[in-house]
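Asks: Residue strings, one per chain:
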Amino acid sequence: MERPALGGLALAAAAVLVACARARTRSSFGQGRQNPLASQRERVAHLFRRAGFGATPEQLDEFSRRSYDDAVEYLVDYEQVPDDLEQRLKLNPVDLSRIDSVRQDWLFRMLHTKRPLQEKMALFWHSHFATANSKVNSALLMYRQIELFRRMALGNFRELVLEVSKDPAMLRWLDSNQNRKGAPNENYARELLELFTMGIGNYTERDIKEAARAFTGWFMRLAPGAQNRPGQDNYEFFFDRNQHDFGPKTFLGETGPWDGGDIINIIFKQPATSRFIARKLFSFFAYENPEEATVARLAEVFVKNNYELKPLLRAIFKSPEFLSPRAYHALIKSPVEFCIGLMRELGVAVPPTDLPAVLRRMGQDLLNPPTVKGWDGGAEWISSVTLLERFNFANRLVTGRTGRVESLKLEPADLERLKLTSFEALVDYFLERFVERDVPETTRKALLRYVKTGVGAFALTPTFVDQKVRGLIHLILCTPEYQLN
Amino acid sequence: MPLRFTRRSLVETSTLLVAGGFTAPAFLVRAAEATAPANAAIPGGKRALVVVQLGGGNDGLNTIVPYADRSYYQARPRLAIPEREVLPISEYVGFNPALEPLLPLYAEGQLAIVQGVGYPNPNRSHFRSMEIWHTAVPDEVVRTGWLGRYLHNTCCGEDRSAALQALNLGDSLPAAFWTEHVPVPSIANLNAFAIETDKKYQNERELRLDILREIYEGMASRRVYSEFLKDAGRNMMLLAQELQKVARSAPATSVKYPNTPFAQGLQMIARLLSADLGTRVFYIATGGFDTHANQLATHNRLLRNVAEGLQAFMNDLGERGRGDDVVVMVFSEFGRRVRENGSAGTDHGAAAPMFLLGGKIRGGLHGTHPSLTELIDGDLRFTVDFRSVYAAVLQDWLGTDPWKVLPKAPPPIELFK
Numbered sequence: 077m078e079r080p081a082l083g084g085l086a087l088a089a090a091a092v093l094v095a096c097a098r099a100r101t102r103s104s105f106g107q108g109r110q111n112p113l114a115s116q117r118e119r120v121a122h123l124f125r126r127a128g129f130g131a132t133p134e135q136l137d138e139f140s141r142r143s144y145d146d147a148v149e150y151l152v153d154y155e156q157v158p159d160d161l162e163q164r165l166k167l168n169p170v171d172l173s174r175i176d177s178v179r180q181d182w183l184f185r186m187l188h189t190k191r192p193l194q195e196k197m198a199l200f201w202h203s204h205f206a207t208a209n210s211k212v213n214s215a216l217l218m219y220r221q222i223e224l225f226r227r228m229a230l231g232n233f234r235e236l237v238l239e240v241s242k243d244p245a246m247l248r249w250l251d252s253n254q255n256r257k258g259a260p261n262e263n264y265a266r267e268l269l270e271l272f273t274m275g276i277g278n279y280t281e282r283d284i285k286e287a288a289r290a291f292t293g294w295f296m297r298l299a300p301g302a303q304n305r306p307g308q309d310n311y312e313f314f315f316d317r318n319q320h321d322f323g324p325k326t327f328l329g330e331t332g333p334w335d336g337g338d339i340i341n342i343i344f345k346q347p348a349t350s351r352f353i354a355r356k357l358f359s360f361f362a363y364e365n366p367e368e369a370t371v372a373r374l375a376e377v378f379v380k381n382n383y384e385l386k387p388l389l390r391a392i393f394k395s396p397e398f399l400s401p402r403a404y405h406a407l408i409k410s411p412v413e414f415c416i417g418l419m420r421e422l423g424v425a426v427p428p429t430d431l432p433a434v435l436r437r438m439g440q441d442l443l444n445p446p447t448v449k450g451w452d453g454g455a456e457w458i459s460s461v462t463l464l465e466r467f468n469f470a471n472r473l474v475t476g477r478t479g480r481v482e483s484l485k486l487e488p489a490d491l492e493r494l495k496l497t498s499f500e501a502l503v504d505y506f507l508e509r510f511v512e513r514d515v516p517e518t519t520r521k522a523l524l525r526y527v528k529t530g531v532g533a534f535a536l537t538p539t540f541v542d543q544k545v546r547g548l549i550h551l552i553l554c555t556p557e558y559q560l561n
Numbered sequence: 159m160p161l162r163f164t165r166r167s168l169v170e171t172s173t174l175l176v177a178g179g180f181t182a183p184a185f186l187v188r189a190a191e192a193t194a195p196a197n198a199a200i201p202g203g204k205r206a207l208v209v210v211q212l213g214g215g216n217d218g219l220n221t222i223v224p225y226a227d228r229s230y231y232q233a234r235p236r237l238a239i240p241e242r243e244v245l246p247i248s249e250y251v252g253f254n255p256a257l258e259p260l261l262p263l264y265a266e267g268q269l270a271i272v273q274g275v276g277y278p279n280p281n282r283s284h285f286r287s288m289e290i291w292h293t294a295v296p297d298e299v300v301r302t303g304w305l306g307r308y309l310h311n312t313c314c315g316e317d318r319s320a321a322l323q324a325l326n327l328g329d330s331l332p333a334a335f336w337t338e339h340v341p342v343p344s345i346a347n348l349n350a351f352a353i354e355t356d357k358k359y360q361n362e363r364e365l366r367l368d369i370l371r372e373i374y375e376g377m378a379s380r381r382v383y384s385e386f387l388k389d390a391g392r393n394m395m396l397l398a399q400e401l402q403k404v405a406r407s408a409p410a411t412s413v414k415y416p417n418t419p420f421a422q423g424l425q426m427i428a429r430l431l432s433a434d435l436g437t438r439v440f441y442i443a444t445g446g447f448d449t450h451a452n453q454l455a456t457h458n459r460l461l462r463n464v465a466e467g468l469q470a471f472m473n474d475l476g477e478r479g480r481g482d483d484v485v486v487m488v489f490s491e492f493g494r495r496v497r498e499n500g501s502a503g504t505d506h507g508a509a510a511p512m513f514l515l516g517g518k519i520r521g522g523l524h525g526t527h528p529s530l531t532e533l534i535d536g537d538l539r540f541t542v543d544f545r546s547v548y549a550a551v552l553q554d555w556l557g558t559d560p561w562k563v564l565p566k567a568p569p570p571i572e573l574f575k
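Sequence lines, in order, name chains L and C. So the first sequence is numbered by our numbering: it starts at 77 and just counts up by one. So the second sequence is numbered by our numbering: it starts at 159 and just counts up by one.
Since the hints were made in silico from the structure, they are not lab data. You may find that some hints are simply not true.
Taking lysine-lysine and the DSSO-like style, the derived pairs with C-alpha atoms no more than 27 Å apart in a straight line are [claimed, not checked]: (1) LYS257(L) <-> LYS190(L); (2) LYS518(C) <-> LYS521(L); (3) LYS528(L) <-> LYS357(C); (4) LYS528(L) <-> LYS358(C); (5) LYS190(L) <-> LYS211(L); (6) LYS414(C) <-> LYS357(C); (7) LYS485(L) <-> LYS357(C); (8) LYS285(L) <-> LYS345(L); (9) LYS562(C) <-> LYS521(L); (10) LYS358(C) <-> LYS485(L).
Predicted model only: the values in this text are computed from it and were never measured.
Make a model of the complete structure from these sequences and hints.
Replies: Written as structure tokens, this is what we have:
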């Protein structure tokens with residue numbers, strides 16, 4: 077039978093997971109896992125959830141045998157990992173005149189990349205340098221900005237800030253191309269300090285005004301051969317000497333004829349910058365509200381390594397905090413993490429064409445963050461509306477069966493291989509698979525009631541598999557714990 | 159911005175359970191059986207508050223225009239509204255012509271304009287200033303919103319099950335509703351709000367929904383967000399049941415709403431008000447007011463959108479006989495700089511007017527207009543603290559002690575009949 081690669085792989089390797097689930101004692105239920113991240117396998121799974129979109133069963137097997145540090149290197153030093161993504165994307169090339177096509181291209185990358193941390197970081201930068209197409213109004217420029225984030229995903233942060241300051245989508249988004257000598261527009265300067273580098277409270281209104289003067293004349297113009305219409309509106313950075321204020325400025329106590337690059341250099345002399353970024357990255361990957369000592373330690377790593385991102389991320393992933401119980405299931409999945417992770421787990425290889433709209437309804441309108449502050453994440457991901465969208469998207473993928481949307485393939489033979497012999501074994505297998513059994517006893521009891529209701533003795537008949545096992549999977553995907561990362 | 163959640167005790171959770179099944183909370187029973195009025199025990203009766211947020215920083219000077227002030231025209235050579243176009247309110251100020259749909263309401267005394275609203279040491283960051291308006295605590299960062307504190311401290315007390323005490327129209331919950339307790343639901347669409355289950359096995363639908371409720375009524379796992387997610391899930395399931403009822407039953411009126419998300423959202427509020435679910439606070443936001451460049455046409459469109467939506471809403475409430483039960487409060491996180499910038503726009507500023515609408519509102523101009531020449535860093539100096547407007551709404555409209563919600567607020571101003 078022809079089956080999408082991920083689904084086949086996921087189910088073929090399932091027996092391994094079962095063995096692992098059996099090894100764990102029943103006492104792991106109660107209020108969920110007592111001692112998470114105790115085994116290497118769990119640590120690897122945790123790492124891949126955070127630094128990627130979840131491990132495949134093969135990756136789990138491989139890195140459980142090797143070392144945790146190998147797994148970190150595999151993710152962080154991703155250039156070493158061969159990837160056939162570009163080849164696969166050629167089959168369905170992006171249409172740079174349509175913003176939804178750019179979104180779909182990105183989602184396909186996240187689903188199939190062999191370098192998941194690169195896409196995860198692109199996602200992080202997209203929310204950090206949050207630029208919205210609602211104002212930029214150019215699929216091509218948005219695509220190029222995401223390409224920039226992908227290219228410099230784990231490069232040097234100072235260089236990234238400089239490149240972003242010249243990025244056409246950003247120039248338009250924060251009005252830099254309206255920032256003229258004698259009539260400065262403060263929009264970019266303010267957000268550069270408040271949101272992109274130092275954080276509020278580390279500079280004065282006067283610093284913003286002076287920084288705005290330094291960025292005057294940082295404009296853009298159509299590149300040679302480009303035209304101002306969808307798909308061909310390729311702009312490039314352009315320094316307009318006539319609109320630049322060459323006069324002296326005093327910024328954060330330093331006076332000189334600064335331009336934008338000088339401002340960035342001064343920003344990177346401030347201790348606030350390394351702390352701000354270290355805190356944000358740690359909170360994104362490990363848990364919210366980190367201890368000040370943790371932030372300070374990571375900020376020091378960042379500065380010592382001249383704002384290179386790879387050493388900082390290694391330090392985060394190898395920190396005791398990252399592998400502590402406090403970090404376990406401590407974050408709420410973003411809509412993108414929820415959908416991409418779900419598709420990978422169910423073996424759905426082709427994202428539904430309306431996935432961008434689904435994500436918008438879940439509160440993450442990709443390439444259109446709500447404000448320049450990006451998505452707050454955490455509790456903000458969850459409202460009645462967005463939770464309902466999650467339930468219903470899961471239902472589509474699990475019980476869709478036919479139609480244009482690819483959904484879960486599930487045959488009795490797949491389950492027979494697992495040698496499940498009771499309702500309890502069935503429920504525990506899927507709880508292990510989707511939430512590492514980190515659920516309270518009441519949830520397990522409710523699920524058991526579900527699979528038993530209206531059914532006689534345990535038997536993997538085609539009807540039972542089609543009705544009850546699909547139903548069980550949907551219910552597990554709707555648990556509070558499945559919303560956690 | 160992460161919230162801090164308190165973990166509710168297992169004992170408290172289990173009081174919501176009856177024999178492992180699901181019990182409809184009090185308000186659902188009330189709504190279904192239409193017995194005693196849902197709000198009988200709550201001060202303020204059937205009164206509701208609708209908060210309208212203009213996101214991005216609305217240009218107050220081009221909203222209520224000081225057309226008699228030469229400094230206004232000097233500061234804004236390209237952006238000033240010409241005197242002949244202004245719809246005069248007093249000898250000094252008048253409406254931007256885009257607000258013309260609000261004139262009948264103003265004439266009937268149902269529209270109050272509070273001038274020069276702001277707070278000390280204004281912050282010009284969108285996020286911080288919006289947070290200040292939402293938390294109503296300007297001088298420190300707190301993790302609860304003023305409406306969240308109202309709902310928890312004074313409105314609903316221990317009746318945690320009342321999922322529809324407040325409702326946000328939109329996708330994400332504004333900080334004004336932040337509490338450490340039951341999250342306020344957000345909805346975007348009345349009709350599509352239902353949990354879907356396997357269409358092939360419709361006969362199992364009720365069983366699956368029942369299992370979901372059992373899971374969400376059960377114990378919580380020990381993770382930091384577990385309780386929060388369980389509360390959110392329970393609220394969602396209650397809301398789904400309630401809204402399906404409203405969608406099927408709410409009567410339509412003859413009022414035509416503009417086809418904008420803002421106006422459609424207001425219409426939804428009107429239908430929900432009619433359904434009498436006991437909702438005390440509604441919240442709706444509309445954005446785009448961050449007019450740094452080429453402001454004139456954009457701002458005109460934004461103001462017209464707001465005015466037309468509010469006009470339809472107030473007429474609709476009138477037809478439904480609820481005009482005297484509802485107060486609408488309109489605010490933005492700040493006004494804009496007095497002097498226009500080099501790109502025919504305006505940068506972030508400070509004080510600006512607020513609007514309040516409703517049958518019980520004392521219409522007309524309130525407060526004093528800030529001077530256009532005695533500026534602070536190029537911005538208007540506030541004359542009314544926004545917390546005294548909130549305090550008026552809390553005390554004179556919602557019938558509660560404002561100091562329980564706004565510990566350090568100045569006294570309320572007189573805004574109600």
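Asks: Each hint: holds or not?
Replies: Results for each hint:
1. Between LYS257(L) and LYS190(L), the direct Cα distance comes to roughly 47 Å. Violation of the 27 Å bound is thereby established for this hinted pair.
2. In summary, the hint linking LYS518(C) to LYS521(L) is not supported, as the alpha carbons are separated by about 53 Å, beyond the 27 Å threshold.
3. Only pairs whose Cα atoms come within 27 Å are accepted, and LYS528(L) paired with LYS357(C) is accepted, the gap being roughly 20 Å.
4. With a C-alpha separation of about 19 Å, the suggested pair LYS528(L) and LYS358(C) falls inside the 27 Å cut-off, and the hint holds.
5. A C-alpha spacing of about 33 Å is found between LYS190(L) and LYS211(L), which places the hinted pair above 27 Å, so the restraint is violated.
6. Using a Cα cut-off of 27 Å, the hinted pair LYS414(C) and LYS357(C) is violated, with the two alpha carbons roughly 36 Å apart.
7. About 16 Å separates the Cα atoms of LYS485(L) and LYS357(C), which keeps this hinted pair within 27 Å; it holds.
8. As the CA atoms of LYS285(L) and LYS345(L) are separated by approximately 19 Å, the hinted pair is consistent with the 27 Å bound.
9. A C-alpha spacing of about 43 Å is found between LYS562(C) and LYS521(L), which places the hinted pair above 27 Å, so the restraint is violated.
10. For the proposed pair LYS358(C) and LYS485(L), the alpha carbon gap of about 15 Å is at most 27 Å, so the pair holds.
Of the hints listed earlier, those the structure fails to meet are numbers 1, 2, 5, 6 and 9, in rising order.
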